[in-house]
Amino acid sequence: MRRFRRCLRAFARHKGELIAGAGCLVVASALDVGIPLLVARGLNRLEAAVRAAEPLAVSRDFLFFTVGAIVLGTALKGIFRYGQRYLLIGVSRKVEADLKRDLFAHLTSLSPRFFAASRTGDLLSRATGDLEAVRLFLGPGSMYAASTLLLVPAALAAMVHFHPLLTALVLLPLGALAFSMKAIMPTLNRRSESVQAALAEISERAQENFSGVRVVKGLAREEWETRRFASSSDVYRRHQLSLGTARALNHTLLYASKDVAFLLILLIGGLGLLRGSFPVGGIYLFLDYVNRLFWPLIALGWMAGMYHRAAAGMDRVEEIFATRPEVEDPREPAAVDSIRGGVEFRDLTFAYDGEPALKGIRLRAEPGQVIGIAGRIGSGKTTLVSLLGRLFPVPDGTVFLDGTDLNRIPLRRLRESIGFVPQDSFLFSETIRENLAFGFDDLPTAEAVARAAEAAGLGPDLAALPQGLDTLLGERGVTLSGGQRQRVAIGRALLQDPRILVLDDALSAVDTETEAGILERLRRGSRGRTVFLVAQRLSAVEFADRIVVLDAGRIVEEGTHAELLLKEGWYARTWRRQRVEGELESLR
Amino acid sequence: MSGDRDDAFEDASAGRLFDARLVRRLVPFARPHRRPLLAAIAALFGLFAAELAAPYLVRLAVDGPISRGDSRGFLSVAGIFAGVVLLAAALRTAEGIAMNRAGQGIVRDLRVSLFAHLQRLHVGFYDRTSVGRLVTRVTSDVENLAEIFTSGVAMVLYDATKVLGAAVVLVWIEPRLAALAIALTPLLLGVSLWFRKRARFSHREVRRTIGRLNAYLQEAIGGIRVIQMFGRERKVQRRFGGLLQDYLRANLLAAFHFALFLPLIDQAVSLIWGTSFLAGGNAVLDGRLTIGAFLQFWLTLEVFAGPIREIGEKWNVLQAAMASAERIVRILDTEPAVLPPARPRRPERLAGAIELRGVTFSYDGERPVLRGVSFAVRPGETVAIVGATGAGKSTVLSLLLRLYDPQEGAVLVDGIDVREWEPTDLRSRIGLVLQDVFLFAGTVRENLALGRPSATEDRLRAAVGAVGAEEFLARRPGGLDAAVAERGVTFSSGERQLLAFARALAGDPGIVVLDEATANVDTETERRIQQGIRELLRGRTSLVVAHRLSTIREASRILVFHHGAIRESGTHEELLATGGIYARLYRLQFGLAP
Ligand SMILES: Nc1ncnc2c1ncn2[C@@H]1O[C@H](COP(=O)(O)OP(=O)(O)OP(=O)(O)O)[C@@H](O)[C@H]1O
Ligand SMILES: Nc1ncnc2c1ncn2[C@@H]1O[C@H](COP(=O)(O)OP(=O)(O)OP(=O)(O)O)[C@@H](O)[C@H]1O
Ligand SMILES: [Mg+2]
Ligand SMILES: [Mg+2]
Numbered sequence: 001m002r003r004f005r006r007c008l009r010a011f012a013r014h015k016g017e018l019i020a021g022a023g024c025l026v027v028a029s030a031l032d033v034g035i036p037l038l039v040a041r042g043l044n045r046l047e048a049a050v051r052a053a054e055p056l057a058v059s060r061d062f063l064f065f066t067v068g069a070i071v072l073g074t075a076l077k078g079i080f081r082y083g084q085r086y087l088l089i090g091v092s093r094k095v096e097a098d099l100k101r102d103l104f105a106h107l108t109s110l111s112p113r114f115f116a117a118s119r120t121g122d123l124l125s126r127a128t129g130d131l132e133a134v135r136l137f138l139g140p141g142s143m144y145a146a147s148t149l150l151l152v153p154a155a156l157a158a159m160v161h162f163h164p165l166l167t168a169l170v171l172l173p174l175g176a177l178a179f180s181m182k183a184i185m186p187t188l189n190r191r192s193e194s195v196q197a198a199l200a201e202i203s204e205r206a207q208e209n210f211s212g213v214r215v216v217k218g219l220a221r222e223e224w225e226t227r228r229f230a231s232s233s234d235v236y237r238r239h240q241l242s243l244g245t246a247r248a249l250n251h252t253l254l255y256a257s258k259d260v261a262f263l264l265i266l267l268i269g270g271l272g273l274l275r276g277s278f279p280v281g282g283i284y285l286f287l288d289y290v291n292r293l294f295w296p297l298i299a300l301g302w303m304a305g306m307y308h309r310a311a312a313g314m315d316r317v318e319e320i321f322a323t324r325p326e327v328e329d330p331r332e333p334a335a336v337d338s339i340r341g342g343v344e345f346r347d348l349t350f351a352y353d354g355e356p357a358l359k360g361i362r363l364r365a366e367p368g369q370v371i372g373i374a375g376r377i378g379s380g381k382t383t384l385v386s387l388l389g390r391l392f393p394v395p396d397g398t399v400f401l402d403g404t405d406l407n408r409i410p411l412r413r414l415r416e417s418i419g420f421v422p423q424d425s426f427l428f429s430e431t432i433r434e435n436l437a438f439g440f441d442d443l444p445t446a447e448a449v450a451r452a453a454e455a456a457g458l459g460p461d462l463a464a465l466p467q468g469l470d471t472l473l474g475e476r477g478v479t480l481s482g483g484q485r486q487r488v489a490i491g492r493a494l495l496q497d498p499r500i501l502v503l504d505d506a507l508s509a510v511d512t513e514t515e516a517g518i519l520e521r522l523r524r525g526s527r528g529r530t531v532f533l534v535a536q537r538l539s540a541v542e543f544a545d546r547i548v549v550l551d552a553g554r555i556v557e558e559g560t561h562a563e564l565l566l567k568e569g570w571y572a573r574t575w576r577r578q579r580v581e582g583e584l585e586s587l588r
Numbered sequence: 001m002s003g004d005r006d007d008a009f010e011d012a013s014a015g016r017l018f019d020a021r022l023v024r025r026l027v028p029f030a031r032p033h034r035r036p037l038l039a040a041i042a043a044l045f046g047l048f049a050a051e052l053a054a055p056y057l058v059r060l061a062v063d064g065p066i067s068r069g070d071s072r073g074f075l076s077v078a079g080i081f082a083g084v085v086l087l088a089a090a091l092r093t094a095e096g097i098a099m100n101r102a103g104q105g106i107v108r109d110l111r112v113s114l115f116a117h118l119q120r121l122h123v124g125f126y127d128r129t130s131v132g133r134l135v136t137r138v139t140s141d142v143e144n145l146a147e148i149f150t151s152g153v154a155m156v157l158y159d160a161t162k163v164l165g166a167a168v169v170l171v172w173i174e175p176r177l178a179a180l181a182i183a184l185t186p187l188l189l190g191v192s193l194w195f196r197k198r199a200r201f202s203h204r205e206v207r208r209t210i211g212r213l214n215a216y217l218q219e220a221i222g223g224i225r226v227i228q229m230f231g232r233e234r235k236v237q238r239r240f241g242g243l244l245q246d247y248l249r250a251n252l253l254a255a256f257h258f259a260l261f262l263p264l265i266d267q268a269v270s271l272i273w274g275t276s277f278l279a280g281g282n283a284v285l286d287g288r289l290t291i292g293a294f295l296q297f298w299l300t301l302e303v304f305a306g307p308i309r310e311i312g313e314k315w316n317v318l319q320a321a322m323a324s325a326e327r328i329v330r331i332l333d334t335e336p337a338v339l340p341p342a343r344p345r346r347p348e349r350l351a352g353a354i355e356l357r358g359v360t361f362s363y364d365g366e367r368p369v370l371r372g373v374s375f376a377v378r379p380g381e382t383v384a385i386v387g388a389t390g391a392g393k394s395t396v397l398s399l400l401l402r403l404y405d406p407q408e409g410a411v412l413v414d415g416i417d418v419r420e421w422e423p424t425d426l427r428s429r430i431g432l433v434l435q436d437v438f439l440f441a442g443t444v445r446e447n448l449a450l451g452r453p454s455a456t457e458d459r460l461r462a463a464v465g466a467v468g469a470e471e472f473l474a475r476r477p478g479g480l481d482a483a484v485a486e487r488g489v490t491f492s493s494g495e496r497q498l499l500a501f502a503r504a505l506a507g508d509p510g511i512v513v514l515d516e517a518t519a520n521v522d523t524e525t526e527r528r529i530q531q532g533i534r535e536l537l538r539g540r541t542s543l544v545v546a547h548r549l550s551t552i553r554e555a556s557r558i559l560v561f562h563h564g565a566i567r568e569s570g571t572h573e574e575l576l577a578t579g580g581i582y583a584r585l586y587r588l589q590f591g592l593a594p
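Protein sequences appear in the order of chains A and B.
Each residue of the first sequence is one higher than the one before, counting from 1 in the numbering used here.
Each residue of the second sequence is one higher than the one before, counting from 1 in the numbering used here.
Hints are computed from structural coordinates only; laboratory data are not their basis.
Glycine is no exception: its CB is placed at the ideal position from the N, C-alpha and C atoms.
Check before you lean on any hint, since a few could be wrong.
[Said to hold, decoys possible] Below, simulated DSSO-like cross-link-like pairs (lysine-lysine); rule was C-alpha separation at most 30 Å, straight line:
no., chain 1, residue 1, chain 2, residue 2
1, B, Lys197, A, Lys182
2, B, Lys197, B, Lys314
3, B, Lys197, A, Lys567
4, A, Lys94, B, Lys197
[What the hints assert, rightly or not] The calculated label-pair distances, taken between Cβ atoms and stated as ranges, are:
no., chain 1, residue 1, chain 2, residue 2, range
5, B, Lys197, A, His251, 29 to 35 Å
6, B, Glu446, A, Ala12, 56 to 62 Å
7, A, Gly16, B, Phe201, 25 to 31 Å
8, A, Gly468, B, Arg567, 45 to 51 Å
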């Protein structure tokens, strides 16, 4: 049970309901054992009456009262069963919701590195299927277990009272059942795990295929994908069939043991009846109790399976919880009142895994400065600007904001002061307006939104859309053109009016004219704002106060545009290629 | 969020219990599995006979041997009873195995057909549908649907027979008593059906709320970098918490109905049962009924009431299955908007001529994105498309690949309308780099080859070399077998683009279509690529979209798009000389005086 500690803590929060539910359970179980006793008594009297030992009228009255008591008892039992189920299952639902909420909150605190190493489908199944398995075990599962634990001794006591030998005999098949269940369980569990794994594979296949539909179609891979999907489906079917066979056998075993017990009761009871040593009511009582015991015993078997799934599920969920966020709020936060936007990198070295992606970076940006960042693909530009928002863990004493170590600034404060336009412009499947306002808890005013959209150069596009800002986007924004998506992402960052603005190659999908317009508005609107501008087209960084060139994670060149041109390095070379070739061609 | 659009349909669909049209549509999927299905049904009927026989044997024993004190006679009845029990066990096993075989067979076939059908649907369908929902269709919906043929058959055939059969036996034992018991069944039925209605509602709510919850979860995972960079963790947590609250509320409602239902049913059963006990007991006391017959009546009553008691639950299972079936059939009945031709043309060789004739196209049928676009590309020519963002450049490429069909006009490849080409045949001859790079989780090699026979190891290496991806692949453990995370997030954007580029080249294409294929790539690398692929692409047609004009240096002709129409077209020099849009873009980009 130790692994369920987190759940138990959550259960403890609903103590009142738990206690009330348990009380209902006890009463209902007592009635469960009591009612058959009434019936048995009635039957016995009936039999005795038939053997003509009692006046008819007395028997009739007795019959009437017995039935009345049974119906009333059932009604009473119903009320308590209702209370038990509603309260206990309700609590299990609430606990599930609590766990889900905690899990989601934890997930949002984990770094992108964790998500790169996981598959979305797998995370989803932990948050849904695994938690559901845990709930089934801790909620309905333990509820049935508890009522079994109450029922078994009481019923056994009554049975022993009536016929000790028969009780012992009846317990034999039930014991054999428990024993064989124990033997068959591991096989069942193993097979049902294979089924789960096969299903997970099917859904991951499907998910990737549907997400990458343009590639699949564009490269005519449909048939190939269908073949692969069919083979996954075949595997799934195979596992299901072998699980089904095991289940059917298990089922047979269950029923057979019950039937054997019934047979024994009828045989022994019948012989007793024949000799007049055992009443009809006794037979009934045994049949009824075995029936009642049988289901909980099956349920206990299920519980074993449920426990297995729940334990495995909980372990998988705990695995996520055990993954510590790599980036956390500082323990002793520094006092930051207003952020001015001065940034300094001091000898920053950073590695994703293996070889460092950044090596010994030294860079200073005064508040209000524009820093251009250029360099070859994979040279570390994105990594550098991601670290500014502590998307990945930053070593202590390497990055400073306004002279304060980044690691000592409250995370939310830090991130809210940075407007970030990522290289791949991820949008949510909401309206354009909601996407623009993503950085805000409440929708900002319509004017503010419109202004940001305008600054991002979205004006003409919005005018062409019938629903304008309220256009609903497809997942990841697929229903916009590449450049439109990028500009929504720019507008999203601008709307925050951040102290620091980071544009990570954020104009790559935008035409020159639009780009020039956006840059111009940025320059005008960003006075006093620190800007980090990553760009492949050097004309975009030309106006920067300082430009750094990265290569294989190091700063290899640094200076103003004019200085860099004099250095005759990568920058000058690239500049000339981009610029002079243009001029040459225009002269051609 | 993403779920909203489909919700309306989901609500509308949970209506009917049995829809003959739907079932008829689905029967072909069950037909190949009719043998195990029929075997299972046969076993069920055997089981039914055994269930009715057992109470009868009890009566025989009680009224016969037991009342006479004849132990030998009793033992022989007990022997028959044991035989019946054994038979029932065997039948139950057989039924379980056969039904599972049938069900899983149906699930498998349906799942693959549904997936194959989804592969035929055009991209526009996917623009409108959330991935999470489609995944649900091919996973749990398919399994639900199979219940129509398994539980559904069991319920309709088996349970109905059981109830009727038991009723006949009851009447045979004692008509008046039977009439009394049967007269009370509407009570049970009423409770069961009342519950069904309630439960249906809460079931639907649960489904709807969990669908939204999971879609949001999935989207949040996809956008985790954006969420964190904007410090919006609390906001999305609140949003998730709200959806979770809806989900919890739906579940509590379901728990309420469920908790209420069983006691109510028990109550109804106990009323029927108590009444028969009273009436039966009196009959026994009056001598109208033997104790054995009374016992048989009573045990048979259980056989009779059992299915009625469960009818509500089974009804819901069936109804959920029908709802799933409706969702699935709706997809199966969605005609691919882009249909393969009846008699496709399959030219031996692709020369590589492309022509658009008066093409007008709109995504939503209202707002035209392309208006009367016409141009032609000769085999082997390299043509560039430039223009403002949102002008319709990517759309032209989508039409060439026949991801969508134009409303007016035609797209021709080698003089043949693309609508007459076998779509896969056409597409597999086109090398494509999309504006949004998509890489699959797996290895680099798998991503480059994608199972295409034309992507031989040699071509793969040549492609990797041509785009200059060797260098960064060499830095990763495994080289070509290096792991690729979902969407390739552990590669830098430029690196991802190079991989997509290599993937396009690896298929030995006759036409190359590049949509901003090097937008995130530095000039030096781009130059290297241009040199590297020159040899690979000699004599092949290329259509290149780019904002960066250095990308289109090799183009022999340039088309300038503006608001969905071609505004200028010509060589670089001609366009510069005209002094139009292109000249302006050019000057702006190269910092020349306007
Ligand atoms: N899947 C889609 N569904 C609906 N509308 C779309 C879809 N894709 C693009 N559009 C719209 O069609 C128009 C043209 O888009 P297209 O992607 O062809 O532009 P583009 O010229 O490639 O632009 P960019 O340079 O920004 O990539 C845009 O207004 C866009 O919003
Ligand atoms: N999540 C990650 N896990 C492991 N390695 C990574 C990850 N992200 C990037 N890298 C590697 O780190 C290096 C730097 O990547 P980065 O994304 O910073 O490059 P970049 O300069 O932004 O390139 P580009 O111009 O292509 O966007 C690359 O070699 C890349 O493969
Ligand atoms: Mg980058
Ligand atoms: Mg485009």
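Hints, verified against the model:
1. Between B/Lys197 and A/Lys182, the direct Cα distance comes to roughly 40 Å. Violation of the 30 Å bound is thereby established for this hinted pair.
2. Note on B/Lys197 and B/Lys314: the hinted pairing holds, with a Cα-Cα distance of about 12 Å set against a maximum of 30 Å.
3. At roughly 80 Å between alpha-carbon atoms, B/Lys197 and A/Lys567 are farther apart than 30 Å, so this suggested pair is violated.
4. About 25 Å separates the Cα atoms of A/Lys94 and B/Lys197, which keeps this hinted pair within 30 Å; it holds.
5. Look at B/Lys197 against A/His251: about 31 Å separates their beta carbons, and that is inside 29 to 35 Å.
6. The hint said 56 to 62 Å for the Cβ distance between B/Glu446 and A/Ala12, and at roughly 49 Å that hint is violated.
7. In this structure the supplied range 25 to 31 Å holds for A/Gly16 paired with B/Phe201, their Cβ-Cβ distance being about 28 Å.
8. Checked against the hint of 45 to 51 Å, the pair A/Gly468 and B/Arg567 fails, with Cβ atoms roughly 25 Å apart.
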